[in-house]
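K.L.:
So you can see what is in the structure, the chains are spelled out below.
Number of protein chains: 2
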Amino acid sequence: MDRDQLMNSYAEVAVRVGINLQEGQHVLVQGKLEHAPLMRVLTETAYRAGAANVSVVYSDDHIRKATIEHGDEDALTWSPPHLLAALDHVERSGGARISVSGDAEPKLLSHLDPQRVGRAKMIELAHMNMSQVNKRSVQWTIVACPNEGWAEAALGEPDVDRLWEAVARANRLYEPDPVQAWWDHVNLLGERADALNEHRFDLIHFESERTDLRVGLHGAGRWISAKFTTASGLSHVPNLPTEEVFTTPDFRRVDGVVAATRPLQMSSEGVTVTDLTVTFEGGRAVAVEAATGEEVVRSQMALDEGGARLGEVALVDRASAVGATGLTFNNTLFDENATSHIAYGAAYTFCVEGAEGLPPEQLVDRGINHSSVHTDFMIGGPGVNVTGVTGDGGRVTIIEDNIWQL
Amino acid sequence: MDRDQLMNSYAEVAVRVGINLQEGQHVLVQGKLEHAPLMRVLTETAYRAGAANVSVVYSDDHIRKATIEHGDEDALTWSPPHLLAALDHVERSGGARISVSGDAEPKLLSHLDPQRVGRAKMIELAHMNMSQVNKRSVQWTIVACPNEGWAEAALGEPDVDRLWEAVARANRLYEPDPVQAWWDHVNLLGERADALNEHRFDLIHFESERTDLRVGLHGAGRWISAKFTTASGLSHVPNLPTEEVFTTPDFRRVDGVVAATRPLQMSSEGVTVTDLTVTFEGGRAVAVEAATGEEVVRSQMALDEGGARLGEVALVDRASAVGATGLTFNNTLFDENATSHIAYGAAYTFCVEGAEGLPPEQLVDRGINHSSVHTDFMIGGPGVNVTGVTGDGGRVTIIEDNIWQL
Numbered sequence: 001m002d003r004d005q006l007m008n009s010y011a012e013v014a015v016r017v018g019i020n021l022q023e024g025q026h027v028l029v030q031g032k033l034e035h036a037p038l039m040r041v042l043t044e045t046a047y048r049a050g051a052a053n054v055s056v057v058y059s060d061d062h063i064r065k066a067t068i069e070h071g072d073e074d075a076l077t078w079s080p081p082h083l084l085a086a087l088d089h090v091e092r093s094g095g096a097r098i099s100v101s102g103d104a105e106p107k108l109l110s111h112l113d114p115q116r117v118g119r120a121k122m123i124e125l126a127h128m129n130m131s132q133v134n135k136r137s138v139q140w141t142i143v144a145c146p147n148e149g150w151a152e153a154a155l156g157e158p159d160v161d162r163l164w165e166a167v168a169r170a171n172r173l174y175e176p177d178p179v180q181a182w183w184d185h186v187n188l189l190g191e192r193a194d195a196l197n198e199h200r201f202d203l204i205h206f207e208s209e210r211t212d213l214r215v216g217l218h219g220a221g222r223w224i225s226a227k228f229t230t231a232s233g234l235s236h237v238p239n240l241p242t243e244e245v246f247t248t249p250d251f252r253r254v255d256g257v258v259a260a261t262r263p264l265q266m267s268s269e270g271v272t273v274t275d276l277t278v279t280f281e282g283g284r285a286v287a288v289e290a291a292t293g294e295e296v297v298r299s300q301m302a303l304d305e306g307g308a309r310l311g312e313v314a315l316v317d318r319a320s321a322v323g324a325t326g327l328t329f330n331n332t333l334f335d336e337n338a339t340s341h342i343a344y345g346a347a348y349t350f351c352v353e354g355a356e357g358l359p360p361e362q363l364v365d366r367g368i369n370h371s372s373v374h375t376d377f378m379i380g381g382p383g384v385n386v387t388g389v390t391g392d393g394g395r396v397t398i399i400e401d402n403i404w405q406l
Numbered sequence: 001m002d003r004d005q006l007m008n009s010y011a012e013v014a015v016r017v018g019i020n021l022q023e024g025q026h027v028l029v030q031g032k033l034e035h036a037p038l039m040r041v042l043t044e045t046a047y048r049a050g051a052a053n054v055s056v057v058y059s060d061d062h063i064r065k066a067t068i069e070h071g072d073e074d075a076l077t078w079s080p081p082h083l084l085a086a087l088d089h090v091e092r093s094g095g096a097r098i099s100v101s102g103d104a105e106p107k108l109l110s111h112l113d114p115q116r117v118g119r120a121k122m123i124e125l126a127h128m129n130m131s132q133v134n135k136r137s138v139q140w141t142i143v144a145c146p147n148e149g150w151a152e153a154a155l156g157e158p159d160v161d162r163l164w165e166a167v168a169r170a171n172r173l174y175e176p177d178p179v180q181a182w183w184d185h186v187n188l189l190g191e192r193a194d195a196l197n198e199h200r201f202d203l204i205h206f207e208s209e210r211t212d213l214r215v216g217l218h219g220a221g222r223w224i225s226a227k228f229t230t231a232s233g234l235s236h237v238p239n240l241p242t243e244e245v246f247t248t249p250d251f252r253r254v255d256g257v258v259a260a261t262r263p264l265q266m267s268s269e270g271v272t273v274t275d276l277t278v279t280f281e282g283g284r285a286v287a288v289e290a291a292t293g294e295e296v297v298r299s300q301m302a303l304d305e306g307g308a309r310l311g312e313v314a315l316v317d318r319a320s321a322v323g324a325t326g327l328t329f330n331n332t333l334f335d336e337n338a339t340s341h342i343a344y345g346a347a348y349t350f351c352v353e354g355a356e357g358l359p360p361e362q363l364v365d366r367g368i369n370h371s372s373v374h375t376d377f378m379i380g381g382p383g384v385n386v387t388g389v390t391g392d393g394g395r396v397t398i399i400e401d402n403i404w405q406l
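Here the protein sequences line up with chains A and B, keeping their order.
Per this note's numbering, the first sequence starts with residue 1, numbered consecutively.
Per this note's numbering, the second sequence starts with residue 1, numbered consecutively.
The set of hints was computed from the structure by calculation and includes no laboratory data.
Ideal Cβ placement from N, Cα and C applies to all residues, glycine included.
It is possible that some hints are incorrect.
Label pairs and their in silico Cβ distance ranges [unchecked claim]:
1. A/Gly357 / B/Trp183: 56 to 62 Å
2. A/Gln405 / B/Arg48: 57 to 63 Å
3. A/Ser110 / B/Met1: 27 to 33 Å
4. A/Gly219 / B/Asp72: 49 to 55 Å
Turn these sequences into a full structure, and let the hints guide you.
P.N.:
Pasting the structure below:
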């Protein structure tokens, strides 16, 4: 398949599976200037699939750069009204949203003051987004558009066709019927989540040469696969690709040291964090070290009360189609789906029974984190064993030698 | 000066003169993907000049194309909420707006159904925009960003540097102090408007081999130069470049035949209208002929009651810095400033005393046009004489041999 065919196929999966578009819905397509080729195909595909109308909102990292360089403190955290309106309209109209990732200039912000880069966050927009995700009011998905800059970062050469091929493999686009392959795959992930839920683990223990981390879970928590269901009952798949099963930790019961196993490309910060190690004590990150990007992680964690607390724990093994490519994509959408990962910052409330719709204070009282940050980083892979610990101290191996055991 | 220097200088004029930015104002920058280089510089320049924050909203002709090809009838005229919100915020926050023109693919829509192309108009957005212009609630300006496609259309070759040079000449960027040169220039245009206002002409008569058009004026009308003043008293210059003095006709008293003297690049329709001739009878266009683009003009005029009526008459002579380049830019912002022009569609209410703020029906009752359309086309140049006729039938030459006479 050539690039155009892959793009059409990916768009089809995004529209039919990612957002599972229904006739007459509004669709919002968001991405950066460098994603225009895929955004145009997504727009056509959405119209062909029966969208009532499609809004396309472009952003530009150079504008973000100008704001960080020249804007005052208020400008750094300001949410442009057009972005709020776009998101708000999707929810109010009962619509769906597709976001495109894959930075063309991943190092663009790397020479700027890291503290300002870390503080530069559209806070109202981030909360609106997280609120919609937690209310399950919108079908949403994230895809990625290969481009020269991203190919350079992922492959060491600006070979866009080679990156498209890897993106296609990770997204099952070479299957005879990619749409059906995706529904089958997320049903399989659902079975993994069911198995975890049957064990009712009290905590998850990550162990390797550099990691010894215990992540407490909620009694009322549940593991979820990437087949989401909106409040109105529509299935959709928020990440393309996705390979994970995940849940919301009890942030108060997170202790130990964890080493990232892959570099973390912080897309909106334009910074790559390498060799990250975080130490948690009593639920807070008390030490952060990294070879590069340390300051950005620190300032993100300092952004609000919940920045330094855990919001997500997710399990992935080597059966992952992303992992099977053997690549580090330098893009969280892919790399988090190659290995197990955790996220500091906001939690998904729908993973804890009875938590949906609670105000932030009550969430925090129950050990469910609230923050304007949500940053995933990868902690799994060969040499990292994952064990489930039950309330009575029983230990059950979940992942060993990077192979799912449950 | 190299391209970067010209871009910085143009941005400086746009920010200091075009919107006359005041410390702490919000700025909205709007343009298409191909205008990113200038939009980024405008953003930096606005921040340096004291903008509180800058919103940047990109549009993409390919999305417009997809909507025309695949959207249903409602989608054609739908205004995306993010665009409405961006415009609305500028007004509510007391901000300023810079729009960028200069199409990279002027023929992109030319093979589509011209009736659908003509109907494809974001109607609510157009009315909001016209309302802000007429309320004078926002400092706004339009600039242009050279790119390969536009250079090809204007010069017959994709020489972006050569087009930048022409744009710079038309915009006085080679003057020692372009910002001061611009204030001087618009003051001169103000003197022309004053002279026209002293004569209190009852109608304007355009005559050439192919044109014999009488345009009635309002007793309470006034000629205006491109130095605008907002309701709050700030001067700004809405078009860069601008060379015109203009007023609002009494649309009921427009009769005769008028031939366009330059091709008309209809930016949002992606169509070039050539050899346009329009016949007016009792204030309505009753015949439209063109070598290309005729259908798009017809369907625009049919869009609403006011589409086929006149909304603007503007006078320009050969002293124009745009005209002096000798180029047809294939871009209305420039070409309308090379010669006299008229516009079918919405009128500027601020040109008629007592009309500002009147509801549409009352405007129409007074012969001031209301429409969601406003399309300028060029009718002046060598061989076209312009005469002012007073209430008692006296005739005064305004432009002869393309030279201002008044």
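K.L.:
Now tell me if each hint is right for this structure.
P.N.:
Hints, verified against the model:
1. A/Gly357 / B/Trp183: 56 to 62 Å: Since the Cβ atoms of A/Gly357 and B/Trp183 sit about 57 Å apart, the hinted range of 56 to 62 Å holds.
2. A/Gln405 / B/Arg48: 57 to 63 Å: 59 Å, holds
3. A/Ser110 / B/Met1: 27 to 33 Å: Given a distance of about 31 Å, which is inside 27 to 33 Å, the answer is holds.
4. A/Gly219 / B/Asp72: 49 to 55 Å: Check passed, 50 Å falls within 49 to 55 Å.
Consistency note: the structure conflicts with none of the earlier hints.
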